[in-house]
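Chains as they are written, first to last, in the numbering used here: chain U, 85 to 302; chain R, 215 to 442.
Rather than coming from a laboratory, the hints here were simulated on the basis of the structure.
We put the CB at the ideal spot given by N, CA and C, even for glycine.
Among the clues, some could well be false.
[As the list claims (entries may be wrong)] The following label-pair restraints were derived from C-beta to C-beta distances:
1) R:I395 - U:R276: 54 to 62 Å
2) R:I251 - U:P164: 54 to 62 Å
3) R:M380 - U:A123: 47 to 55 Å
4) R:T216 - U:I98: 26 to 34 Å
5) U:R152 - R:D241: 34 to 42 Å
6) U:R276 - R:L233: 50 to 58 Å
7) U:R227 - R:W236: 42 to 50 Å
8) U:G137 - R:G293: 27 to 35 Å
9) R:G379 - U:H179: 19 to 27 Å
10) R:A415 - U:Q112: 47 to 55 Å
11) U:D207 - R:G374: 36 to 44 Å
12) U:E223 - R:I395: 45 to 53 Å
13) R:G374 - U:H277: 34 to 42 Å
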Amino acid sequence: MGRTIVGMTAAALIPPLLEARALCFLRQDEAVFGPVDFALHAGEIALVEGDNGSGKTTLMRVLTGMLRPGDGEVLLDGQPFSLDTVAGAVVFLGHQLGLKLDLSPRENLRFAAGLYGLRAGADADAALREVGLAGYEEEPARRLSAGQKKRVALARLLLLPARVWLLDEPYANLDREGIALVNRLLEQHAARHGAALVTSHGAVTFAGGAPRLIRLHA
Amino acid sequence: MTPGTTTAACAALLRRDLLLAWRRRGDIAMPVLYAVIVTTLFPFALGPEPALLARIAGGVVFVTVVLAILLSLDNLFRGDIEDGSMELLMLAPQPLALLVGTKILAHWITSSVPLIVVAPVLASMLKLPVPAVPVLVVVLLLSTPLLCLLGAVLVALTAGSRRSGMLLALMLLPLCVPVVIFAAGAVAAAQEGLPWIAPVAWLGAGLVLTLVLAPLASAAALRIAMDT
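Sequences and hints are given; from them, build the entire structure.
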């Protein structure tokens with residue numbers, strides 16, 4: 085009996101990194117998704133599954149705090165979450181990559197690092213090497229292919245200290261090798277006690293077994 | 215400078231915006247070119263009578279500068295919203311108002327400073343008396359950031375809509391009027407040898423007020439614009 089109570093308090097002491105409680109989003113009084121419940125702990129990767137139009141991207145944007153949820157709440161590290169309290173803990177990679185096409189990959193990464201700070205031991209050129217863009221550091225992003233631009237955005241994930249990654253369709257535009265790269269980055273991130281939420285159409289495979297599934301219904 | 219601190223973030227954003235403006239130098243030249251063309255056309259339309267030109271010089275130069283700034287305002291947040299950089303700014307650990315303020319500063323440097331540099335030349339072309347030229351520069355130094363700040367709030371408010379140019383001009387008009395009155399009033403007073411400190415002080419007070427409030431209002435408006 086006593087042991088159960090000890091166990092319960094220990095579990096309650098470590099809140100999930102990202103938690104959604106009865107989260108739903110309304111557009112003109114019509115539910116886009118939800119209610120969704122999930123808890124994402126450090127070291128966990130979850131895949132959001134759903135058909136086109138089921139609200140995967142909307143869920144991501146609600147989780148970043150940019151969209152206000154219709155009902156329910158989002159907790160980050162056990163704290164209610166809003167854009168004012170986010171403090172760089174979350175990084176979002178959406179369909180728009182947030183790259184300036186007139187700047188080189190290195191300049192783009194330096195800017196992001198200036199805003200968010202650097203992950204311990206990370207630097208821009210090493211991150212670009214890691215995603216297979218060595219030699220393209222100085223090239224204007226305008227001249228890169230869609231897949232290469234995506235890789236620059238992936239290098240940004242490596243560089244920033246954010247613990248929660250929200251990746252909306254990270255596999256889009258990537259070749260087979262790029263898909264393997266995303267999976268490798270996600271595994272590394274999990275190993276560093278980060279958490280990630282990924283939306284995807286394709287199947288995702290990890291060395292550490294199948295990821296958790298969060299289903300959305302249209 | 216440690217990356218991720220507030221100073222470093224503002225410096226990085228300022229550096230990026232100035233670098234982007236430099237990579238597209240043609241766009242910076244546009245407002246200046248516009249101001250030069252408009253002020254050059256006035257003597258042709260009104261006749262080269264020095265007394266008449268001197269009387270309208272201050273007002274013409276100022277209105278031209280206002281319109282040139284208005285032309286450039288539309289792009290203040292558009293690029294960042296379209297390519298997803300705005301999301302990056304919103305999720306950054308720094309207060310959005312501070313980052314928006316930095317963006318407005320960068321915009322002022324790239325759009326207004328070149329105009330302030332050419333304004334004395336344009337004014338002398340229109341025979342503005344030499345003693346009034348420094349007053350014109352002071353007035354521009356105070357009123358151009360004021361207009362950029364006011365404009366930024368409106369640009370942020372209309373950021374959600376696709377064709378916002380017309381709406382922006384319509385909304386900015388009533389806010390421009392007091393600025394134009396005080397600015398042109400100061401130059402006219404200086405031209406006639408009257409004290410011009412009072413209107414300049416009003417402009418300064420307006421600048422201080424918008425400097426504090428406009429970034430906060432712009433940030434709030436941008437959040438609403440992105441919440442769709």
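The hints, checked one at a time:
The given range of 54 to 62 Å is respected by R:I395 and U:R276, whose C-beta atoms sit roughly 60 Å from each other. The hinted range of 54 to 62 Å is satisfied by R:I251 and U:P164, whose Cβ atoms lie roughly 55 Å apart. Restraint check, R:M380 to U:A123: a C-beta distance of roughly 48 Å satisfies the suggested window 47 to 55 Å. A hinted range of 26 to 34 Å holds for the C-beta pair R:T216 and U:I98, which are about 29 Å apart.
Against the hinted window of 34 to 42 Å, the Cβ-Cβ separation of U:R152 and R:D241 comes to about 35 Å, which satisfies the hint. Checked against the hint of 50 to 58 Å, the pair U:R276 and R:L233 fails, with Cβ atoms roughly 32 Å apart. Checked against the hint of 42 to 50 Å, the pair U:R227 and R:W236 fails, with Cβ atoms roughly 18 Å apart. U:G137 and R:G293 have their C-beta atoms about 28 Å apart, which keeps the hinted 27 to 35 Å range intact.
As the Cβ distance of R:G379 to U:H179 is approximately 26 Å, the hint placing it in 19 to 27 Å holds. In this structure the hint that R:A415 and U:Q112 lie 47 to 55 Å apart at CB holds, the actual value being about 50 Å. For the pair U:D207 and R:G374, the beta carbons lie near 37 Å from each other, so the given range of 36 to 44 Å is met. Take U:E223 and R:I395: their Cβ atoms lie about 51 Å apart, and the range 45 to 53 Å holds.
A hinted range of 34 to 42 Å holds for the C-beta pair R:G374 and U:H277, which are about 38 Å apart.
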